[in-house]
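S.K.: Listed here are the chains, written in short residue letters.
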Amino acid sequence: MKSQKRSSILRTTKKIGDLIMEYFTKAWDRKNEGKPIAWVTVFTPIELLYALDITPVAPEHFAAMCSARGLILDFLEKAEKNGYSQTLCSYSRCGLGYALSGAAGFMPPPDLLLTFRNSCDVYVKWWQSLAMHLKAPLFIGEAPYVLSEEDLDGYALDFTVNQLEQLIKFAEEKFKVKFDMENLVKRVELSDIASELWLKILNLRRVKPCPLGGRDSASDIFPLVVLQGTDDAVNFYRELLAEVNEKVRKHEGIIENERFRLAFDGIWIWHAFDMIKYFEERGAVFVYEPYSEAWAYRLDKSKPLESIARKILAMGLNIDIDLRIKNFMDRIKKYDVDGAIIFSNRSCKTWSAPQIVTAEILNKELNVPYLIIEADMADPRQYAKAQIENRIDAFLETLEER
Amino acid sequence: MECDIYNKACQKPELLLDFYRESKVPLIGYSCSYIPEELIIAVGAQPYRIPDLEAERSSLTPNFVCPFAASVLSNMLRLEQYFSAFVLAHTCDPMWRIYDILKKKIRKPVFLLRVPHNTDNPLSLQFFKKELIRLKEFLEESLGVKMQNDSLKKSIKICNRNRKLMKDLYLSNLNENYSIDSANRFKLVLSGFWLPREKYSAIIENACAKFRKKRNIQNKVKLHLSGTALYHTDLMERIRELGGIVVSDDLCTGSRYFWDNVEEDGDPISAIAYRYLRRTPCPSHAPLENRLEFIKFMISKFKAQGVLIITGRFCDPLLYDSVHIREMLTRTGVPSAVVDYENLEQELPRIQTRIETFIEMLGCGG
Chain Z
1 MKSQKRSSIL
11 RTTKKIGDLI
21 MEYFTKAWDR
31 KNEGKPIAWV
41 TVFTPIELLY
51 ALDITPVAPE
61 HFAAMCSARG
71 LILDFLEKAE
81 KNGYSQTLCS
91 YSRCGLGYAL
101 SGAAGFMPPP
111 DLLLTFRNSC
121 DVYVKWWQSL
131 AMHLKAPLFI
141 GEAPYVLSEE
151 DLDGYALDFT
161 VNQLEQLIKF
171 AEEKFKVKFD
181 MENLVKRVEL
191 SDIASELWLK
201 ILNLRRVKPC
211 PLGGRDSASD
221 IFPLVVLQGT
231 DDAVNFYREL
241 LAEVNEKVRK
251 HEGIIENERF
261 RLAFDGIWIW
271 HAFDMIKYFE
281 ERGAVFVYEP
291 YSEAWAYRLD
301 KSKPLESIAR
311 KILAMGLNID
321 IDLRIKNFMD
331 RIKKYDVDGA
341 IIFSNRSCKT
351 WSAPQIVTAE
361 ILNKELNVPY
371 LIIEADMADP
381 RQYAKAQIEN
391 RIDAFLETLE
401 ER
Chain W
1 MECDIYNKAC
11 QKPELLLDFY
21 RESKVPLIGY
31 SCSYIPEELI
41 IAVGAQPYRI
51 PDLEAERSSL
61 TPNFVCPFAA
71 SVLSNMLRLE
81 QYFSAFVLAH
91 TCDPMWRIYD
101 ILKKKIRKPV
111 FLLRVPHNTD
121 NPLSLQFFKK
131 ELIRLKEFLE
141 ESLGVKMQND
151 SLKKSIKICN
161 RNRKLMKDLY
171 LSNLNENYSI
181 DSANRFKLVL
191 SGFWLPREKY
201 SAIIENACAK
211 FRKKRNIQNK
221 VKLHLSGTAL
231 YHTDLMERIR
241 ELGGIVVSDD
251 LCTGSRYFWD
261 NVEEDGDPIS
271 AIAYRYLRRT
281 PCPSHAPLEN
291 RLEFIKFMIS
301 KFKAQGVLII
311 TGRFCDPLLY
321 DSVHIREMLT
331 RTGVPSAVVD
341 YENLEQELPR
351 IQTRIETFIE
361 MLGCGG
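The listed protein sequences correspond, in order, to chains Z and W. Per the working numbering, residue 1 is the first one in the first sequence, and the count goes up by one each step. Per the working numbering, residue 1 is the first one in the second sequence, and the count goes up by one each step.
Source of the hints: derived by calculation from the structure; they are not laboratory data. You can trust all of the hints, since none of them are fake.
Computed footprint of chain Z on chain W, listed as stretches where at least three residues anywhere in the stretch have a Cβ under 8 Å from a Cβ of chain Z:
no., segment
1, 49 to 63
2, 284 to 293
3, 316 to 326
Far from chain Z, by Cβ distances over 12 Å, these chain W residues were calculated:
no., residue
4, L17
5, R78
6, Y82
7, N175
8, C208
9, L242
10, C252
Here are the in silico distance ranges between beta carbons for each label pair:
no., chain 1, residue 1, chain 2, residue 2, range
11, W, K153, Z, D330, 46 to 52 Å
12, Z, E252, W, Q126, 54 to 60 Å
13, Z, Q86, W, E237, 28 to 34 Å
14, W, K12, Z, F179, 56 to 62 Å
15, W, F211, Z, A386, 56 to 62 Å
Every residue gets a Cβ at the ideal spot worked out from N, C-alpha and C, and that includes glycine.
Kindly generate the complete structure, drawing on both the sequences and the hints.
M.R.: Below you can see the structure in the form of structure tokens.
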């Protein structure tokens with residue numbers, strides 16, 4: 001198969017690096033001012049933390065960044081030397097390695113460790129371990145697995161809202177901060193605008209040729225990870241939407257000659273962005289990822305706590321398999337996907353465990369071929385480049401023949 | 001029933017499945033010790049805990065997912081015909097996702113009991129109680145019966161009696177008064193997962209009468225076994241042959257299963273919720289401190305000389321915990337060793353060497 005001309009990434013995406021650095025600088029400024037820093041797992045009530053004047057920092061994002069920039073190995077090895085098995089989640093090994101190395105780099109040390117178990121149970125274990133090493137106060141919330149849509153209005157929702165109220169009380173007592181409902185309403189409104197903008201951007205990937213590729217979507221989610229409820233996030237997505245709209249108007253795809261439209265199921269392989277490029281150079285563009293979509297959730301500012309609770313509950317991996325498959329199949333049709341790449345991620349067992357069943361259903365119901373790639377999202381030592389590229393070649397040849 | 005039926009039951013529990021089918025006793029397959037057997041018994045069904053025995057790991061999950069969970073999944077798929085329904089608990093990620101897979105792969109009803117991970121939070125207890133009511137309704141619907149309050153109270157008494165007997169059995173090995181062999185004791189506990197519950201008390205009592213005798217353990221190395229669910233009786237026998245004795249454990253198929261009883265007064269569902277959520281947490285659950293305290297308590301009570309942490313490969317919760325268990329043990333001067341395995345039967349020679357070295361080291365004074 002002939003290689004296509006080299007593809008590029010969007011102008012706005014290139015600004016993400018500076019935004020991240022600015023974010024870490026601000027977090028350190030806050031720490032130096034004596035303001036509390038919370039280490040959070042993603043899909044926690046970020047808007048609520050901002051309303052409490054607590055700055056959220058996400059070790060998962062930090063691990064992804066370290067992996068993408070080739071900075072992760074020292075942290076992984078530090079954790080492993082301290083007894084953490086190499087089979088454990090690489091994000092957690094990175095976070096623990098950072099903590100055990102003195103927590104003095106990009107992330108300021110935490111005054112609070114906050115997690116809501118939703119996408120995986122590893123959160124509980126990882127955060128407990130951090131608490132043991134860092135001796136910081138720990139708040140473990142639970143967002144029960146959503147078994148049906150009714151759960152989002154039933155006692156699972158009440159339980160989650162009550163825990164948010166508990167968190168407010170906990171923070172007020174611990175840090176002598178005052179919860180301000182007006183501030184929360186403003187944060188919720190900003191968060192909702194950012195989500196709305198991101199969903200509009202993703203929706204434009206239905207256009208042929210696709211104006212935004214996998215390397216963009218992988219980076220562009222950052223503001224929705226830790227800047228939900230801020231003007232910075234809203235401004236970023238406004239600019240991104242304008243650029244994507246401009247590309248659509250010009251009928252300009254993110255790659256020059258779009259031949260295959262692909263879905264990617266899994267967290268991105270942060271240390272192997274070259275893999276996305278490898279697809280793009282062969283005319284294959286990623287048009288849909290459940291991962292990218294998971295970060296957006298519409299909020300109702302008239303019910304701020306309830307909205308945030310629903311968002312924590314309904315994050316992509318925490319909803320019943322029937323709902324997940326239904327969503328995935330809807331998107332496959334909506335985005336006119338030719339094939340799916342299923343990333344069997346050694347670190348993310350919660351995502352990977354039912355993937356074979358999902359892929360079988362996808363293939364049976366929609367006749368969509370799939371390729372399973374096994375690697376680790378952040379640990380570059382577990383990536384067999386040549387073997388994966390061989391399998392990609394074979395897969396694209398299959399698509400070519402259809 | 002024969003006195004050594006417990007022995008046969010834990011060698012090949014599947015043999016009992018035909019017995020239940022012929023007796024027309026509905027079977028509810030369940031996954032772990034967070035599932036209250038009291039509710040299953042109260043609807044006239046037999047709880048049957050699905051082990052990882054006699055099964056290769058299911059190919060429906062990737063090979064880096066916990067082999068224990070993958071084998072339990074295989075057994076549920078393979079033995080579906082015998083069961084009226086399955087009940088799983090949301091403990092760790094693999095057990096949670098087995099529910100997803102089963103939902104797509106079997107026709108029998110499947111239930112996921114959501115066990116809040118922060119077991120200390122009063123809000124978790126309120127939520128868990130609602131989950132138990134949902135489980136009660138699921139069992140009623142699956143079996144077409146109504147659960148009576150009296151039946152539930154009776155089943156609480158049956159389970160309490162069984163748990164008390166097991167705990168007494170355990171405590172009879174205190175103070176150098178080693179009267180029940182630990183491998184036999186382990187088999188007795190395991191067999192309770194599969195034998196008819198109403199008859200189980202008599203089985204324990206008969207077996208105890210038969211096996212209770214004063215044993216000399218002066219030259220034996222006393223071990224605490226730390227881990228999750230373990231069904232392999234061979235391991236206990238090997239430890240015995242190698243000169244060790246398991247004086248205590250914190251296994252899901254051991255003391256954590258029977259240590260605490262349900263209050264018999266008051267609202268039964270509330271009492272069950274309290275007992276199951278507030279017992280020593282599984283490695284997947286918090287607070288870790290409660291688990292560490294329990295291990296420390298057991299070691300001190302039973303005077304264990306060392307701790308053997310036995311873990312399935314890819315068992316994330318235990319692999320995180322093992323770091324802190326070992327740190328705690330180092331601080332208190334108790335030696336420990338971690339033994340991991342993917343297929344215990346196949347890897348027994350390697351595991352045996354590891355355990356032998358640990359026992360020898362402890363025998364020489366640590």
